[in-house]
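J.: Just so you know, the protein sequences line up as chains A and B, in that order. Going letter by letter, the first sequence gives residues 1 to 283 in the working numbering. Going letter by letter, the second sequence gives residues 1001 to 1282 in the working numbering.
Please note that the accuracy of each hint is not assured.
[Stated by the list, open to error] Here are the simulated lysine-lysine pairs, BS3-like style, with alpha carbons at most 25 Å apart:
id, chain 1, residue 1, chain 2, residue 2
1, A, Lys12, B, Lys1012
2, B, Lys1259, B, Lys1244
3, B, Lys1161, B, Lys1014
4, A, Lys132, A, Lys282
5, B, Lys1244, B, Lys1014
6, A, Lys239, A, Lys202
7, B, Lys1177, B, Lys1238
8, B, Lys1012, A, Lys178
9, A, Lys55, A, Lys282
10, B, Lys1177, A, Lys14
11, B, Lys1097, A, Lys12
12, A, Lys14, B, Lys1203
13, B, Lys1177, A, Lys12
14, B, Lys1203, A, Lys178
The hints are simulated quantities; they were obtained by calculation from the structure and are not laboratory data.
This is what each chain is made of:
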Amino acid sequence: MEQNGIFISYDKRKELANAIQRVVSIREGDLGYVLKEYINEIMHLPEYLHPFLPKKTEVSLGESYILSSGIREFRYGRTYKLCTESEIGILYSHSDKIADAVAEHDIVKASAIREIPSFDWAKWIDDVIKLKYGELKYRRYGLLYAFEGFRFNLEYIPYERLDYVALSEITDESKNEKREIQKIEYQYDYTRSFPIVYINTKDKNGSGGRTIGVYSPETSVNRGNVREVSLELYPMADKLIEILKDMENGLNIYKQEFEKRLNRLKDITAMYKFKKITAQFKK
Amino acid sequence: MEQNGIFISYDKRKELANTIRGIIGYQVGNISYVFYNYRHKLISLPEYLYPLLPKNRKVPINDYYVLSDRIRELSDVYGDGYSSTRDTRILYTYSGKIADAVEKYNSTKANIIREIPSFDWTRWIHDIKLEHGELRYRQRLKEPFDDFDFTVEYVPYEPLKGTFLSEILGEGEEISKLEEINRLLYRNEYDGSPVLSIYGMKKSYSGLWEPSICSIGVSSDIKCIYEVSLELYPVADKLIEILKDMENGLNIYKQEFEKRLKRLEDIKSIYEFKETVGKLRQ
């Protein structure tokens, strides 16, 4: 008698897990790795540019900020030193004014400051990359913060509707609404330092849906997550492997864009690191 | 070309999930439902027996308690002003003495009070030998009614050896490995829902041996039972066998509880009837 069930091939399940893993990976050569390095370099930039002005020289940037050796914030008549995270935001927003003030004392530093806005990916990320099975779009947050809050979000939208068939749905007695994969979201947030991939579904007959999150397999907490998800999504493994590989190709295009600018960032930091070492030797 | 993999039968997976649900389920006809009713009736008993003595009558039970219209706890500072929140337990512990005092005014009530210790399951619950294992009542506390907690342990005659599904599918990955299942625990606590815990020996991915395999409660969502039934799918046949065996044992306990529940319901009905008549007379 033929049994009602599903055959799970070890190899195919593993292939799906590997396809997911490659998208969420933070190993050298992956977008996750490059993003981590890129954001890290940007965040440390003010540290390398310090001091901005010689001692006792002060330039006001606006009603809230003053530029001296570092950038300081005025609040209720008192002065606070900003943390690096906020400092890069101010360097970005007031780059011209800061560069003009710094140029009088250090032209190289001033040029680096003028360059800072060009490191904001929201300015140079192409909105859509057309791929074989879908398109990859950078999702803008609509935030006006510099570097969009150090968050990088991409959406992969398949051209053709892909029915969502999960193992729990076909093996469980509860029959859910028929759904389809709406998009696959790649999210990188510097506070987490690893990407998360969300597979979003929507009901075919309505607006409801569900989201499955796949976390980077490198974190010990989520070690089993990729395995569980690859089992849950096994019934659509063939198609999913195809679109995940397609998405990976798209991510690599973004990666190349980041790498280009990362090289420039590294040059800037290398120069300041070299200066620092030379100064230490002189001492 | 023959493929390397595992066939998952929907029906068998579902059967395993349903068998787990059969044990922890809270539906009319299963032990959890009967047990809930039983405890509820037992705890409500002092309410129906009230008042224990006519007004202005007091009988000391011992240094701590006094019996009047109800049981009161004596306190050095505040006198006898506290009504006991543990009436059932005191009725149980001093049933002979309380019944003697009540008998002078109401022999029906006195008989019921004398009967209370017989409702303590620790007195009549016994270990049961089943087809594939043994069901043992686990006494945790020595308090009357065992703190209204009911825990039984199913120990299969032979430990169940097998593997997790993730172990089969996750070749080369860091995963937990199942060594054996050697104990199933059914726990039903007062104010809690039933929980089925599966114990044995598993090696976690960090290399440590752990006895706990999983715990599933009626409050666990459907997804949890689904995941357990999938993870334990490779041992489904044998596990269904021992879970059904355990369920048979639990049904024997259930019958014991039902017998005494009937008596508790009768007592309650008498007093509810009396109360109604009293109201009608008024």
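J.: Assess, step by step, whether the Cα of B/Lys1161 is no farther than 25 Å from the Cα of B/Lys1014, and give holds or violated.
T.: The given pair, whose Cα atoms are some 21 Å apart, holds under the 25 Å limit.
J.: Is it true that the CA of B/Lys1177 sits at most 25 Å from the CA of B/Lys1238?
T.: Answer holds: B/Lys1177 to B/Lys1238 is near 18 Å, not above 25 Å.
J.: Does the alpha-carbon distance linking B/Lys1012 and A/Lys178 stay inside the 25 Å limit?
T.: 24 Å, holds
J.: Between A/Lys12 and B/Lys1012, is the straight-line Cα distance small enough, at 25 Å or below?
T.: 23 Å, holds
J.: Within 25 Å, alpha carbon to alpha carbon, are A/Lys239 and A/Lys202?
T.: Between A/Lys239 and A/Lys202 the Cα gap is close to 17 Å, so the pair holds against 25 Å.
J.: Just to be careful, I want the Cα atoms of B/Lys1177 and A/Lys12 compared with a cutoff of 25 Å; is the pair within it?
T.: 22 Å, holds
J.: Just to be careful, I want the Cα atoms of A/Lys14 and B/Lys1203 compared with a cutoff of 25 Å; is the pair within it?
T.: 22 Å, holds
J.: Is the hinted pair B/Lys1203 and A/Lys178 satisfied, with a Cα-Cα distance of at most 25 Å?
T.: 39 Å, violated
J.: Taking only the CA atoms, is the gap from B/Lys1177 to A/Lys14 under or equal to 25 Å?
T.: 18 Å, holds
J.: Hey, B/Lys1244 versus B/Lys1014, does the alpha-carbon distance stay inside 25 Å?
T.: The given pair, whose Cα atoms are some 14 Å apart, holds under the 25 Å limit.
J.: Does the alpha-carbon distance linking A/Lys55 and A/Lys282 stay inside the 25 Å limit?
T.: 20 Å, holds
J.: Holds or violated: B/Lys1259 and B/Lys1244, Cα atoms, limit 25 Å.
T.: Cα-Cα ~23 Å, so holds.
In summary, the structure is inconsistent with hints 4, 11, 14 from the numbered list given earlier, while agreeing with the others.
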